[in-house]
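Peer 1: Here are the chains, one letter per residue:
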Amino acid sequence: MKDIFADLNSIENVHTSLFFSADGDLLAYEPTDKSRLTREMIEEYSSSLEWKAIQKRFKEINEAELIFSKYRVYMRKAEHGFIVILMSLMAPIEIVRLNIDLIMPEINSLKKAKGFGRFFKFRS
Amino acid sequence: MKNILIVDDDIALLKMIAKKFETGPDNFNPVFVKDGVSAVNQIKNKKIDIVISDLQMPKMDGYGLLEYINGNYPDIPVIIITAFGKPKSKTILFENGASGYFEKPVNLDQLISEIKRLYEKESDGGILKSASLEMFTQLVEMEQKTCTIRVKREDNDQEGVLFFRDGEIYYARIGNLKGLEAAYRIFSWHNVTLFIENDCRLKKKKINSDLQAVLLEAMRLKDEKDEFQESKDSADALDFEKTGHKETQAEKLSPVDYLKKFIENNSSEVTGILDIYEDLTWSEFIRKSSELGNFLNTGNLKACYVSKTDSTSMIIVPDKTNTVLSVSPKCDREKIYRILMD
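These protein sequence lines are chains G and Z, in that order. Take 1 as the starting number for the first sequence in the numbering used here and just add one per residue. Take 125 as the starting number for the second sequence in the numbering used here and just add one per residue.
Note that these hints are calculated values from the structure, not bench results. Among the hints, erroneous ones may be present.
With beta-carbon atoms standing in for the labels, derived distance ranges [to be verified]: (1) 45(G) - 404(Z): 22 to 32 Å; (2) 104(G) - 332(Z): 52 to 62 Å; (3) 336(Z) - 104(G): 23 to 33 Å.
Quick look at which bits of chain G chain Z covers, simulated, 3 or more residues with Cβ under 8 Å [stated by the list, open to error]: (4) 52 to 59; (5) 67 to 75.
A few chain Z positions that, by computed beta-carbon distances, are all more than 12 Å from chain G [what the hints assert, rightly or not]: (6) 151; (7) 234; (8) 303; (9) 416.
All figures in this text were calculated on a predicted structure; none of them were measured in a lab. Heads up, the beta-carbon is just placed ideally off N, CA and C, and yes, glycines get one too.
Chain G with its partners taken away, still in its complex shape:
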């Protein structure tokens, strides 16, 4: 995973990069030093979500950016799931978006069962 998300995570104020499958499995989790979220926390939260409803809503959405009072969350639809990036409000969103554009072909070429294992080294 670091091979794919390394550039993205090196952008100032980016905290965590996640990749979920379309049905909510956390396929990639790469926190930076600033992240306070553990893999277990995210998986627990993910299991509480209705992913079918999310899939349905994201049928008509390419990307979404959620602006909170302290942080921002960027979400992008990929062929086999969703990229979710947690970052500070000051993060350069256009550079984040550009980086995702660049890695998108690589992410889209991966398939859940076969591909991710080859590319992503999950943290335990």
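Here the structure of chain G is known, so what remains is to put chain Z in place on it, guided by the hints.
Peer 2: Just chain Z now, with coordinates in the frame of chain G:
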């Protein structure tokens, strides 16, 4: 760039049209949908300049779509294409406001020519830059002209439309804002360019006031707004003197009201906002996003930016009614976020 909405469930035809636009005129952007209901959603959410529609489609057919557009967006010309053309239906369609009619198989060169003709027709009565809208519309009234006036602000992308028949004001529209309220708003604009079309597709008067009454009320509302702004400025100055920090009246307004006022007052600073409207269909999305914020401990949700697969973009402001700002790609979103954060 003109957005051409093409409504047809015939995928082969859509592909042919898409290809034609790829190699054809570069100032037209085709948007494709497969039925009338999707077309209505597009028109509500995006600035559409011309509609090309099939007659027989699922959910809402071409007749229904034509009726809807003529009732609510009568400045948008509609070209009908059909595989089941009959002279009688052609007559009915033109009587009901269609601007063009083609039978399948469609000659795409002719279709493009028709689009260009309709586009040029929008200013066949001339273009007036930096014009006085009040003065021009009073002339229209005096000379009992029939016309459609597209009013474009020179300091931002906002555009409104006024409809006149025999010198009487019939209707007004800015995005999804319609009728008198839209007319008042348009008449409060300064520095405008007028695109005059020597035709008015609307047959029924929808504003039950004469032009003078509309102009007077628009001026009164504008004065009221200016007074509010002046008193707000004074209050700000007083607050600042009393407290040493700027606790303004504007800060007590809801983010949406503040944003609307800010946009009205600072139109040169915030550009690319195409429309502002309420849309409760985003409630579930907003609720889930807020829940995500609670889990991540990211604070309160202030705004959501959404880019849709149909290439429309919007900023949704979470409030009671979910105010949606339909935005163009060149909109400075960060500036809007900053206003919302304040």
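Peer 1: Look at each hint and say if it fits the structure.
Peer 2: Verification of the supplied hints:
1. 45(G) - 404(Z): 22 to 32 Å: holds, 26 Å
2. 104(G) - 332(Z): 52 to 62 Å: holds, 54 Å
3. 336(Z) - 104(G): 23 to 33 Å: violated, 58 Å
4. 52 to 59: holds (count 4)
5. 67 to 75: This one holds; 7 residues, not fewer than the three required, reach chain Z with a Cβ under 8 Å.
6. 151: holds, 24 Å
7. 234: Since the minimum Cβ distance to chain G is about 33 Å, residue 234(Z) lies beyond 12 Å and the statement holds.
8. 303: holds, 30 Å
9. 416: It is violated; residue 416(Z) is separated from chain G by about 7 Å at its closest Cβ, not greater than 12 Å.
Of the numbered hints stated above, those contradicted by the structure are hints 3, 9, listed in ascending order.
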